[in-house]
Amino acid sequence: MKENLDRLWEHWITQDLLVIGGFALVFWLLRRGARNERWQRAWQRMKRDRGGFIALGVVFLYLFIGGLEMLRIPGGDNGTRSILDVFTAGVAQEKTYSAPLADELLNSPRHEKLIGRHLLGTDVLGKDVFVQTLKACRTALVIGALTSAIYVPLGALLGILAGYFRRWVDDVVQYLYSTLASIPEVLLLVAILLVLGKGLGTMSIALGVTGWVTLCRLVRGETMRQTERPYVAAARALGQSHRNIVVRHLLPNVMHLVLISFVLGFSGIVLAEAVLSYLGVGAPVGTSSWGAMIDSGRSELARDPAVWWNISAAATALFILVLSLNIFGDSLRRAFDPKRG
Amino acid sequence: MSDGGGGMIPSALPGRDRSVPVLHFAFILSGLLFLAGCDNNPHPAPYHKTRPDGSPWAVRYMGLPADPKSFDPQFVYTTIDQQILEPVYDKLLEYDPRKTDPITLRAAMLEEMPKKEVQPDGTVSYLCRLKRDIHYHDDPCFERTGGKGREVVVADVHYALQRIADPKVESPFFAPLEQRIIGLHETREMGMKTGKFDYATPVSGFEQIDSHTFRLHLKGPYPQILYWLGMHTMSPVAREAVEYYDGQMHDGKLRPSFRFYAVGHGPFRMREYIPRRAIRYERFEGYHTDTFPTEGFPPERAEVCKKYAGKPLPLFDELFIMIVPELIPGFVLGRQGFLDSITATKDAFPSVVTPDRQLQPKYKARGMTLERIGFPSTFYYCFNMNDPVVGKNVKLRKALASACDMRAYVEIFYSGVAPVSNQLVPRGIYGYNPDYVDPNAFDLEKAKRLLAEAGYPGGRDAKTGEQLVITVNDAVEGTEMRQRAEYEQRMFERLGIKIKIAESTFARVIERLETGDFQLSSGSGWAADYPDPENFFMLFYSKNMPREGSNHCRYSRPEFDRAFEQMSTMDNGPERLALIEKMNAMLAEDCPVIWQFDKVTFLAAQPWAAWTHNSRMIEYSNNKYHQVDPVLREKLRAEWNRQPIWPLFALGGLLIGGLGYAVRWNRRNHV
Amino acid sequence: MFNYIVRRLIYSVFILIGVIGITFFLDNMMMTPDQKASRVLGPKAVGQTREEWIHNRGLDRPLPVQFVQYVKKLVTFDFGTTWVTGRDLRETFLQGVGPSLCITVPGFLAALLASLGLALFQVFVRNSPVDRGLTVFSVALMSVPTMVYVIFAQAFLALNLRYFPAYGFAYEPGMLRFLLLPIVIFMLINIGYDARLYRAIFLEEIGQDYVRTAYAKGVSPSRVLAVHVFKNGLIALITLVVAQLPKLILGSLLIESLFGIPGIGSMLVQAIQTGDQPIVMVSVFLGSALYLLSLIVTDILYALADPRIRLS
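Residue numbers (my numbering), protein chains in the order written: chain D, 1 to 341; chain S, 1 to 671; chain Y, 1 to 312.
Chain D on its own, in the form it takes in the complex:
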């Protein structure tokens, strides 16, 4: 039974449906949010922020590339391949390192010719660094998306509940997050990863379990502020159910915090992956990831001649994504809260 489930889970159609579903969900949430007046005002302000827009464009580019690598179709050596594989099918596989745009292997005494040209050179196993860098978008996005899928609902829900019901609910939630917050984050991460084993999924669970605290605190505070506003009191007086008040009134008014945390949190997750790779609990073998590429650069830079293209490509790709996310997150925050930005 479990085997069948595993097989179903690993089937390319399931995986594609999940990816498409994920994108659709985010889109739907944004559409729902856009109905809110506050969001519309923010959107007006956002329009004037050129930097934020450029950053958003860059993030979309990464999403697009990552999406291409995430969607799988039948074919290839191993049963399935990604759409990105189809596009890069023409890129040759070399024996080992070669410099960017070189025509022979690095350090090859016999001056062995390359099969193709490589914009950013090749890595130790002869894979094109440029393609690997693009493929690694998927790893970053998968971890970011899965982690967010865990910590965003958890943090938002607990935060709202604590802020709305107060009393013992608040006490319990506060106790939970004070406990988690008091544990040094990396250690908790590593401890959880050591228990669950390696893998993108487990890494996301670990990051999600440790990551909801900040969001929860924010949402709790905002909810408390909102519940003191007259509209909540009015809704209560009208005898609306708790569920209705939370979903109809409170949730839309704290969603912007969730959105901002989601964007900024995403950048933190991408950075965390690099650290975890070094600690040996990062992405599994066979998955390209910026963290692993950077980690390998540690020794490659000391080679003679130095292999700088691998680490530089990964570090640049990672840097641009994190920077864009941060800038975009900041401009979102400014748009929603112009006084404090």
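Quick caveat, the hints were computed from the structure, so don't treat them as lab data.
Treat the hints with caution; some may be incorrect.
Stated by the list, open to error - Computed Cβ-Cβ distance ranges for the label pairs, DEER-style:
#1 Glu-189/S to Phe-25/Y: 38 to 44 Å
#2 Pro-100/D to Leu-293/Y: 50 to 56 Å
#3 Glu-548/S to Glu-172/Y: 46 to 52 Å
#4 Phe-87/D to Ile-296/Y: 53 to 59 Å
#5 Asp-209/Y to Pro-100/D: 57 to 63 Å
Stated by the list, open to error - When the alpha-carbon atoms are kept at most 25 Å apart in a straight line, the in silico BS3-like pairs for lysine-lysine are as follows:
#6 Lys-127/D to Lys-346/S
#7 Lys-635/S to Lys-364/S
#8 Lys-95/D to Lys-599/S
#9 Lys-448/S to Lys-95/D
#10 Lys-392/S to Lys-500/S
#11 Lys-113/D to Lys-127/D
#12 Lys-311/S to Lys-127/D
#13 Lys-69/S to Lys-364/S
#14 Lys-168/S to Lys-69/S
#15 Lys-543/S to Lys-582/S
#16 Lys-127/D to Lys-498/S
#17 Lys-446/S to Lys-95/D
#18 Lys-253/S to Lys-72/Y
#19 Lys-253/S to Lys-73/Y
Think of the CB as a built atom: it goes at the ideal place given N, C-alpha and C, for glycine as much as any other residue.
Given chain D's structure and the hints, the job is docking chains S and Y onto it.
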């Protein structure tokens, strides 16, 4: 420069005010730039600058990749720990520093090589005489002599043997030795009667003749016992030290446990151990056990060796072992002259060694010499013969073996210099057959054919159509191992099967090997305890199953066992070779393992630390024979580490210019 | 105030029990007693030795009993020994604190000064292109992984220019050479985040009435900034600073291990890589205990710095 930088900025600001914090910023930056021109020596100052006679104090700097697990000679079994222990404890016998082919033993703490005596009842004994006047290092544990190290006597060898039998010591050598030495097994049984090992129980096979002579009685012929005498596990240990260093509180002070405190009799005494950083040793003044040999030098080293002929050992005064888990700083430090040799690890390899196995001209020009250490060891993938899929399907195993392209592997990870292995016994050990042809050697077409015959045409189960999935037990710690694992994955997946890498730490991989929780295990290997084929073939002996033994494949074939039993105690000769050949054929037929490669370590020795010996059994220790020229080192180090100054000026200029520009621009547009 | 502290302490104890509960849970999930024994004794030790080891440590008792033991062990600071290296844990920690503090304290102070300076400067030129440029610069500093800082610094400054040792540490007069590069990197990592935070704090202050009053009285802008705003922002700063202190003791994992500084950070990395579980567990406990303590200290300092605040 710092004044100019600091003074310029506030003047350009509106409202000159001294407390403007930009000052701090500029100050810190310029301070850093100033301090940047400091020394890049990674080592602390040595214990002394000069020897008592005024000549320069000589320090040897080595790098090792990991912290020691123990300093207990009866427990230590990893090569790293052995190297750390080697300067502190001498051994009864040692490998001759001058001879490698064949590897030969010579007397170290013993007066001469043990005399073999065959008793009428078929048992064998060895008569050994300990050298006189060998002393322990001074240590507070020698309370009777007021801290002065006492003489090493035969009772200490006996005590070491008892410690091997003591379950508390957890000596991994008890199992192999109890089969050979008379009374060792009984000592453990008797000693354990009260629940706690009783050291009043003697080992009946150990006969003390006088304070410096003893006889070791064996159950039968076992020529390999001499190699055991050449290991740390048989090194004499002072009972006072073990009892004194008990890891308990005494008068408000915690004494370390003997596992982490070494009181030896070797050429150096351990002065400091700083975890994750270094182990520091200083010359033991009372060391008179040995002198530098006077003749028989290998011709290529004769010039260096002649200088030291007959000199008292050790040749240098201080040993600094740096713990460098990051292999690359090790390479960098070597290149800058801060370690006495550069070990050619994967990424350092092409920089140090040319494909025709010479030193790169760049390093040759520096006066360095290349050392090739073919430490007798072999690496292989290990099938679990109890596994329902791979264990029962010999064709499948052979298919995987034939798909294994080790030539390309070695090409990528060892620049093609490590020899690909095709048999169990590595080069340099008796029984190695250079003409042997492995029937399971790399041949992708054949592999695909075999896979189809095994019931998985194209990598899919012929009956169900499911893709075959094989899980590989693999240690992935760090980039290099990750790259290797990825290579392995792709290598086997060419057959159309799916390879799942069960990544874990090295410790966990070993654990899985011991418990049998694996299908195919990568990177298994065996480093010779002693240079005898028996030490390798026992890996497939069915009475040597884990956890007590090391037959991790769980290979079992009665014919093989019979041949092994016959071969193990035999003297070298054509008869033994014939048996070895037979066993090799059996292994090829059943294919319980896939041969990978023999480990070869290359290292480039610095010009001031040219090697004086050819030892192969201890990877790169044999510290007492090493020499160091501190004067030359000082000179070359300074030469190699000149620091260019222009980047500082460039950086400073850039900063000042940038800040100035920003401020001006701001004033024009804003104020 | 005394009552308040007592109440906070009691609450902290409850949180600590929660933390211990989590570590205990993870500890027992990670490995069975048998696996633990195997990790400590080596995979070869079987039978009696193994059982004895398990029994001596009480690992064969029911879980609630083990939990009580576990709490007792941690609270009395009797941590036992490490698994892989077999050393006394308490001693190992004490040995590691020194080198860690050598990096983190100066690095932290440098980051504090630099980011305060940057933040005040930004507030001074607020909403100008320079301010915006510096904000982007801070964000950029935050967006570089620590690994990349260390790797490039090592490659260029230690390997090519030979200004610093690539690796190493020692307590001796010239020890600054080992510390400088790690300290600078520690500073760079923290500067971006801190500067943004401090800027926000100062901007908040600058909107307050008293600042307007000061301006109206004709105090010069830089004096307002340096004296009034800084002084009042200081209270918010204390909270941030004190909350960072426990982190300093635990050191920096990446910097320490990549530069070979034998502090607690590199010890943790080694423990993680070799699977030396007790080290990880004990550091979790110590880290959270220190964190909770620092929270209480912050509150007290807060009350002392601002008489308007009354702890209750």
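(message) Taking 38 to 44 Å as the stated bounds, is the beta-carbon spacing between Glu-189/S and Phe-25/Y within them?
(response) 42 Å, holds
(request) Confirm or reject the claim that Phe-87/D and Ile-296/Y have a C-beta distance inside 53 to 59 Å. (result) 58 Å, holds
(message) So if I understand the rule, the pair passes when the alpha-carbon distance is 25 Å or less; does Lys-392/S with Lys-500/S pass?
(response) Holds - the C-alpha atoms of Lys-500/S and Lys-392/S are around 20 Å apart, at most 25 Å.
(request) Take the C-alpha atoms of Lys-253/S and Lys-72/Y, compute the straight-line distance between them, and say whether it is at most 25 Å. (result) 23 Å, holds
(message) With the threshold set at 25 Å, check whether the alpha-carbon distance from Lys-446/S to Lys-95/D stays at or below it.
(response) Within the cut-off at roughly 23 Å; holds.
(message) With the threshold set at 25 Å, check whether the alpha-carbon distance from Lys-127/D to Lys-346/S stays at or below it.
(response) Distance of about 18 Å is within 25 Å: holds.
(message) Does Lys-498/S sit within 25 Å of Lys-127/D, going by the straight-line distance between their CA atoms?
(response) 20 Å, holds
(message) So if I understand the rule, the pair passes when the alpha-carbon distance is 25 Å or less; does Lys-448/S with Lys-95/D pass?
(response) 22 Å, holds
(message) Next pair to validate is Lys-543/S with Lys-582/S; report whether the Cα-Cα distance is within 25 Å.
(response) Distance ~19 Å between Lys-543/S and Lys-582/S Cα, so the pair holds.
(request) Mind checking the alpha carbons of Lys-311/S and Lys-127/D for me, to see if they're no more than 25 Å apart? (result) Not OK: Lys-311/S and Lys-127/D at ~56 Å, beyond 25 Å, violated.
(message) Between the alpha carbons of Lys-113/D and Lys-127/D, is the straight-line distance 25 Å or under?
(response) 15 Å, holds
(message) Quick check on a hinted range of 57 to 63 Å for Asp-209/Y and Pro-100/D, using CB atoms only.
(response) 59 Å, holds
Figure legend: structure checked against the earlier numbered hints; hints not met, in rising order: 12, 13.
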